[in-house]
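Using the numbering used here, read the sequence shown as starting at 1 and increasing by one per residue.
Derived from the structure by calculation, the hints contain no laboratory data.
By construction, the Cβ of each residue, glycine as well, lies at the ideal position given by its N, Cα and C atoms.
Be aware that one or more of the hints could be misleading.
As a list, the in silico PhoX-like pairs of lysine-lysine whose alpha-carbon atoms are at most 25 Å apart [stated by the list, open to error]:
1. Lys86 <-> Lys100
2. Lys55 <-> Lys100
3. Lys78 <-> Lys55
4. Lys78 <-> Lys100
5. Lys86 <-> Lys97
6. Lys97 <-> Lys78
Ranges between beta-carbon positions, derived for each pair [unchecked claim]:
7. Asp51 <-> Asn91: 16 to 22 Å
8. Asp139 <-> Val114: 31 to 37 Å
9. Val114 <-> Glu87: 28 to 34 Å
10. Asp89 <-> Asp139: 46 to 52 Å
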Amino acid sequence: MIRRHLPISVIIVLLLTLFIPSNSLLATKWVHQFVVWEGYVYTLEDEIITDVREKIGEVTAYSDMNQLPGNFSNVFQKGTPYYSIKEIDTNESIAIKVGKDRYQIADRESEYLVRDTEGSSANEYYDSSFTKHLLAFFDNLLKWF
1 MIRRHLPISV IIVLLLTLFI PSNSLLATKW VHQFVVWEGY VYTLEDEIIT
51 DVREKIGEVT AYSDMNQLPG NFSNVFQKGT PYYSIKEIDT NESIAIKVGK
101 DRYQIADRES EYLVRDTEGS SANEYYDSSF TKHLLAFFDN LLKWF
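Model the full assembly from the supplied sequences, consistent with the hints where possible.
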C-alpha cells in the first residue's frame, strides 16, 4: 500500500516545490515607468515640454523593485519635482522635471493602491493569490486519484 502511494507523494512534493515562491520571484516587475502624485499613477510619455506652471510636489520615495507609499516613482529619485502644465488639468497630466527647463509629460492612469505600512506584507497580494491557485490546483489533482 505504501509503495502504491509513494509515487503520488513524490509528485505532490515536487509540484509543491515548483509552486512555492521565493522573495526574489515575487519582486515587482513594472509594466510602465511612472510617478505617483496625490494617490494616482501617472505613466510617463515620450513628450518633452518646456512650458509649465507651478511646482505641485516631488518624488518622496524611489524603488525599481518594491511598491512604496507616498509620491513614489520607479524611475525618478527622491526630490525630483512635479509641475502642473499650462492649460492642462492635473487630473489629466502633470510634468516631471528631467533637466534644466525640460519636463516630461506623465498622463494619469489609475488610482494608486498601496498596502499599509503597519505590518502588511509587501507580497500580501501575491501570497493570497498564490494560496488560492495552489489550493485549486491540489483540489483538481486529488480528483484524479
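Right, here's what the structure says about each hint:
Between Lys86 and Lys100 the CA atoms are separated by roughly 18 Å; this keeps the pair inside 25 Å, and the hint holds. The straight-line distance between the Cα atoms of Lys55 and Lys100 is roughly 14 Å, inside the 25 Å bound, and the hint therefore holds. The hinted pair formed by Lys78 and Lys55 meets the criterion: a straight-line CA distance of about 15 Å does not exceed 25 Å. Under the criterion of a C-alpha separation no larger than 25 Å, the hint pairing Lys78 with Lys100 is consistent with the structure, at around 17 Å.
Among the hinted pairs, Lys86 with Lys97 is consistent with the structure: their alpha-carbon atoms are about 15 Å apart, no more than 25 Å. The hinted pair formed by Lys97 and Lys78 meets the criterion: a straight-line CA distance of about 12 Å does not exceed 25 Å. Taking 16 to 22 Å as the suggested C-beta distance range, the pair Asp51 and Asn91 conforms, at roughly 19 Å. One distance hint, 31 to 37 Å for the beta-carbon pair Asp139 and Val114, holds here, with the actual separation near 32 Å.
Take Val114 and Glu87: their Cβ atoms lie about 31 Å apart, and the range 28 to 34 Å holds. Between Asp89 and Asp139 the CB atoms are about 49 Å apart, so this pair conforms to the stated range of 46 to 52 Å.
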